[in-house]
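Visitor: Sequences are here, hints too, so could you generate the full structure?
Residue numbers (the working numbering), protein chains in the order written: chain A, 1 to 191; chain B, 1 to 573; chain C, 1 to 460; chain D, 1 to 206.
Derived by calculation from the structure, the hints in this document are not laboratory data.
Ideal Cβ placement from N, Cα and C applies to all residues, glycine included.
A portion of the hints provided could be inaccurate.
Unchecked claim - If you want the footprint, here are the derived chain C segments under chain D, 3+ residues with CB under 8 Å:
(1) 145–155
(2) 245–252
(3) 308–317
Said to hold, decoys possible - Quick list of simulated restraints, FRET-style, between CB atoms:
(4) A:89 <-> B:323: 24 to 32 Å
(5) B:352 <-> A:145: 38 to 46 Å
(6) D:195 <-> A:26: 25 to 33 Å
(7) B:389 <-> A:166: 56 to 64 Å
(8) B:148 <-> A:32: 20 to 28 Å
(9) A:128 <-> D:131: 50 to 58 Å
(10) A:175 <-> B:148: 33 to 41 Å
(11) A:145 <-> B:343: 52 to 60 Å
(12) A:113 <-> D:131: 40 to 48 Å
(13) D:15 <-> A:146: 38 to 46 Å
(14) D:195 <-> B:343: 56 to 64 Å
(15) C:21 <-> A:146: 55 to 63 Å
(16) A:175 <-> D:15: 36 to 44 Å
So the chains spell out like this:
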Amino acid sequence: MNAFVIGDAELCIGCQACMVACAQAHEKMPTAALNERETPFHSRITVVNAPEVTVAVQCRHCEDSPCARSCPVEAIVQKNAHIEVIKEKCIGCKSCVLACPFGAIKIIEDDMNCAAIFISPHDGTAHDRIEKAHFVVEKCDLCAGCGSPACVAICPAKALQLVEPDAIAQKIENRRIKNANRIRLYRSQLA
Amino acid sequence: MEGLSTTLGSGAMTNSIAELHTMGPGDTIFAIGTNTTECHPIIGIAMIKAVKRGAKLIVVDPRATTLTQHADVWLRLQPGSDVALLNAIAHVILQNGWEATEYIAKHTENFSEFKKIAARYFPYKAAEITGVPATLIKDAAKIIGQSRNVAIYYTMGVTQHTSGVDNVMAVSNIAVLTGNIGRAKTGVNPLRGQNNVQGACDMGALPDVLPGYQKVQKTDVREKFAKAWGVEIPEEQGLTVPSVLDGIEKGEVKAVYIFGENPLRSDPDINHVKHCLEKVELLIVQDIFLTETAQIADVVLPGAAFAEKDGTFTSTERRVQRVRKAIEPPGQCKPDWQILSELIAAMGYPAAYSHPQEIFEEMRQLTPSYNGISYARLENESLQWPCPTNDHPGTPILHVGSSIRGKARFVPADFRLPAELPDKEYPMMLTTGRVVAHYHTGTMTRRCWGLRGVAPYEMVEIHPEDAAALAIEDGDQISVSSRRGEVLAVAKVTTRVSPGLVFMTFHYSESSGNMLTNTACDPTTQTPELKVCAVAVRKVKSPGVHLADTGFLQQNTAPEGVFHQPALSNAPH
Amino acid sequence: MKTPIITIDQELCTGCGRCREICPVGAISGMPDTPHEVDSTRCILCGQCVQICSGYDSANETFATSRVERLKQRGMLPTVKEPLFAAHYRGDINAVVAALQQPDTFTIVQCAPAVRVAIGEEFGMPYGTLTPGKLSAALHALGFNRVYDTNFAADLTIMEEGAELINRIKNKGRLPMFTSCCPGWVKYVEDQHDDLLDHLSSCKSPQQMAGTLFKTYGAKLDGIDPAHVFSVAVMPCTCKKFECERPEMNSSGYQDVDLVITTRELAQLIKHCGIDFTSLPDEAFDNPLGCYTGAGNIFGATGGVMEAALRSACEMLTGTPLPSLELEYVRGEEGIRRATICHEGVELKVTIVAGLQYVGSVLEQVRRGEADFHFLEVMCCPMGCVSGGGQPKILLPAQRLEAHAGRKAGLYSHDKSLTVRKSHENPQIKKLYENFLGEPLGHEAHHLLHTDHQQNRRAV
Amino acid sequence: MNMPYRLNRFVIADPGKCIGCRVCEIACAAVHEKEQTPLTVGNMQNPVQPRLYLVRSVQGSVPIQCRHCEDAPCAAACPVLAITQKEDVIFVDESLCVGCKTCMLACPFGALKLVPVFENGLPVEQNLPLHPESQHQGGSTAGEKEEYKQLHVASKCDRCSGLAEPACVANCPQQALKVIQPERHLTMRMHEAALSLAAVARKYAS
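Guide: This is the structure in structure tokens:
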């Protein structure tokens, strides 16, 4: 079973600190350097600031994840305890964007150094074509390999929670025990 | 400031933020004109947690915000109609006898005058003016009337109107009417925008007062300061910002010295401000970055940031805290006190200070409310003024027992329309404000990679019905124009705003909302009406293949100083 | 029994069911995604399924039958390049080619009104282009001895049917009278509403009237032995193929109309013979049976028969012509339309139904005796014959309405451009009565131009 | 939504609605005919060559067509750069295509096909002579012998970029086909997810 991070709409104030933390955690460079290089900003968690709800949304690492199953080039795989993207295999076909019920998967520009495709100008001739940047899938990877998720750590309202698989089992177990006790209360009526 | 000082005797926040952590069932938070979760996130969190513990929350805001999602009653009013709404709430409270009769009798004055005015604001009539259903007004009034404690929080949404002072007094009237003053979990709490604006006002950075709100008209006050400073103190009041600009226009003001303020983007009608600041003979700007205003200054004095200087900041809840230098200011930057003392010396006055503590000592002898506060005490604690003596613990809650001015005064006010309403030529209403990622004109936050990442460019909120009528889709490039200028930005189609209302910020130099806002101000405090003006919106074009080619954002980029959009800049063209 | 006129190719049909939904008489059945079938006992051969079918011989699938074999099975010319669809009609073009090649057969051809506003489309001309001249020229080029026109017989039908209407009104005959020119509608009444058969006008359809005349009056004029006459009709309709094969259609002593081909089949033949249709000079239809009035020409549109009938009947009933010939109130779109005409004290109530699926409620009204109208025009196809089963098939559903509207406009503009616009003023019709038929509803006219539906019903 | 680029839009069919009627194939082929005469079956002298392909199976039918991938494998594979991106469409410049079929192998969706080129019913020939042995009867008009090989080019969906709406989308009787604009789709999905989170939070406050 995969762990996942879940947002609590009753606590989240939409401050987007999680988005900044996530983006920076995956760039592995101090912000000053990021500023200098004007690195594009891509966060794998997105705060939905809608009139009716304010909450952060990201990948749930589904056990039979629609995105992985929809990928025609099998670039999304189960790796250890999370669903991982193999960047090099992705062709930017966006099937996963359609497949993900949470919209928690994006296609972003990447600087992989392999054969690129070209953009031809609207009406120009063939020779002034330019190389198009690479586009690959990006989604939450639970900060696998670098400790606990950066978003959970930064959230000032403690609205993000890393739900471990056994934690889920534990919670369900507790609920069963509570209900078992409740039944005992009205046992006499059942007889 | 002006409103509260007339009604209660002090313009500052009456209670402390920590009280929010103790609020629960029986308590009510009344948030009016404050998008707290975006503009004061930590206070916003405390409010939401209080609601989760069982406190009631009433929110007055024309826009849907995170706060409104947790509100028990959301009074979604027409911008600028606060007085009508508040008077109607008072009307319902009086009608049902929920007012604190015994407190009113003992501690207030001018109640009969207030009752006469409030009697006229029937809920159904207020509903027509504010657009808020009468039933909701009654629900809110019931909660406010019957709660043990009601803490009122407000910010620019109340003050930045031509009826700004009336709004504040109407808020105060509610508190006084229900006796919610001078107790924990109550009070009238304006939340300050910047981290030390309370400290600046305390130190007399206002036209009519010297440090400690001591009126400059009082001769004894002037003599006290004159003796201490060894200079004559002029009697007439100073100029407010709008009157400074008029002064330049009329040739009376020859020089302007601007501290840590960027009027060329934060004041309304930027074209007018630009005209004046370019016309004035001498413009000095002291700031930590080369802001838009600094770029047209004659003299730029590089100041030091918070981590590069010693001193004190006074937070919105009147808490004075020590700020200690961690690193040396870069290049020619100096702390503000050092620049000023060198300037004073250069102008021939003896100003030999070697450390902010000396300045603080000189100030606290002259300022009763700060008298008991000293660097020594601040070494390991923070104090909330007034703190008259060295052993005084500070005052978390004002007006305990009786209000500072003796009796709390009801100051009734009638509803007045905003200065500029939508008409045929400018059919929509614009209200301005902030997004959580950026701070005022973006001088600091737009230089931070992460914040620029989550909020790269201006997104004008427009209602789906208005957008459809103008054939505008989410993400389209649109133009918003008013009688004072035109701005290009990206449209965000959302029901956060109501039909006919458009929302913009002033963070983005290349498409600043203040290019459009109205200079009309509150007659008493001259606070400009930034929350209401009439605009027209039209579609420019749908973004091409790449949103990056929102080239129009690049074409009219602000002068060099502002960091432009990295996220967009390296897109292939 | 000859091969059925409308069938669904089991190999090409994908089972999408759109034909099942459009069939006005529910003659098509099948489970989704499985090949559908036509029940020939219920089918009225209107061909709307052929128009809507989109299951074609896709190059991405391999079919047991080769294209060459499939063309032969469908009676189509080998040179046809069009895609072949599942629902199709029986092709009869090869018999025409054979007849044209026999020197001693005297080939006569007639064209329906709706053909001249649609055939141009098969050669790249915009929807509804009016090309009567080029149509006649093409038929001459193909070698037809006489190129006559169904429009002439349309005028004749108005004379007979108008007279029959007046006769029924005056002598308390069975009212309301139903039109009988749409063969699908006639077959529908015979199959499913035979209690109302006597409402049907006894007139034959213009096609059959023309066919009868070709082998009697026409043959006499040209001094030809009717046995050598091969009579072909070019129709926008697939049910006309069934009508000409009806056993009772032999009043001329021979099968009145030997063969019916559709607008599409004629276009395929023109392409097969390498004739460049668009650059043909205009030629007139041969006289006398090719001369027609504006009234005859608008038969192709829904409300056209009614308008032509009213233009003549009102004048014949009252002696004074109608103030205007543009009877807008009978023109219109798919569905049921009602109108009342008051002229010189005479009040005529009429109903027009376009699209057989709408006729049920009107027939119930008639059956309950509550029909307050005198004359009912019914056309199976949604916009009348311009939208017939044999018309050029529109590929994009989004353009179907545009095509039908264009063709209807073509008919009405042609009518407006003609000098003679009332059937009873057709000079050749007058001459026909003077020296051949006598007077309308007369003995000779009755023998040649009328048919007894009740008697036919028992015979079949 | 701070994906700074608008991703390529593409057409996709809802298998639940598709009845397998092939109108989309007909519409696609008809609209891509060179001259825009009225689109009647009579005018379809060239074989029907749609750029989307109906797949019929036991579970029902659905058309498959190009997804206009951002890193289109077909474009990457094309040795003569005949396949490039113009505006937000991956399109084939037929004048450059040499018919090497690599793109057919590269496309993971099978949405690309090499097709023979026809013009008003006749095969378009290229100056590639046929060896006498492989010159066989047939060709367009019976009897004439083919001397040159017919031209072939790669054919794929170009999303009818010249039209207001793709022909397949406009003509599908079941409205099963629609144009996906990835960013809008994502925003909509995220909003729904947020709403479901709100419901969860409110009911089962952790």
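Visitor: Now look at each hint and say whether the structure bears it out.
Guide: Hint by hint, here is what the structure shows:
{"no.": "1", "hint": "145–155", "result": "violated (count 0)"}
{"no.": "2", "hint": "245–252", "result": "violated (count 0)"}
{"no.": "3", "hint": "308–317", "result": "violated (count 0)"}
{"no.": "4", "hint": "A:89 <-> B:323: 24 to 32 Å", "result": "violated, 53 Å"}
{"no.": "5", "hint": "B:352 <-> A:145: 38 to 46 Å", "result": "violated, 59 Å"}
{"no.": "6", "hint": "D:195 <-> A:26: 25 to 33 Å", "result": "holds, 27 Å"}
{"no.": "7", "hint": "B:389 <-> A:166: 56 to 64 Å", "result": "holds, 59 Å"}
{"no.": "8", "hint": "B:148 <-> A:32: 20 to 28 Å", "result": "violated, 51 Å"}
{"no.": "9", "hint": "A:128 <-> D:131: 50 to 58 Å", "result": "violated, 41 Å"}
{"no.": "10", "hint": "A:175 <-> B:148: 33 to 41 Å", "result": "holds, 36 Å"}
{"no.": "11", "hint": "A:145 <-> B:343: 52 to 60 Å", "result": "holds, 55 Å"}
{"no.": "12", "hint": "A:113 <-> D:131: 40 to 48 Å", "result": "holds, 45 Å"}
{"no.": "13", "hint": "D:15 <-> A:146: 38 to 46 Å", "result": "holds, 41 Å"}
{"no.": "14", "hint": "D:195 <-> B:343: 56 to 64 Å", "result": "holds, 58 Å"}
{"no.": "15", "hint": "C:21 <-> A:146: 55 to 63 Å", "result": "holds, 60 Å"}
{"no.": "16", "hint": "A:175 <-> D:15: 36 to 44 Å", "result": "holds, 38 Å"}
Comparing the model with each earlier hint shows violations of hints 1, 2, 3, 4, 5, 8 and 9; every other hint is respected.
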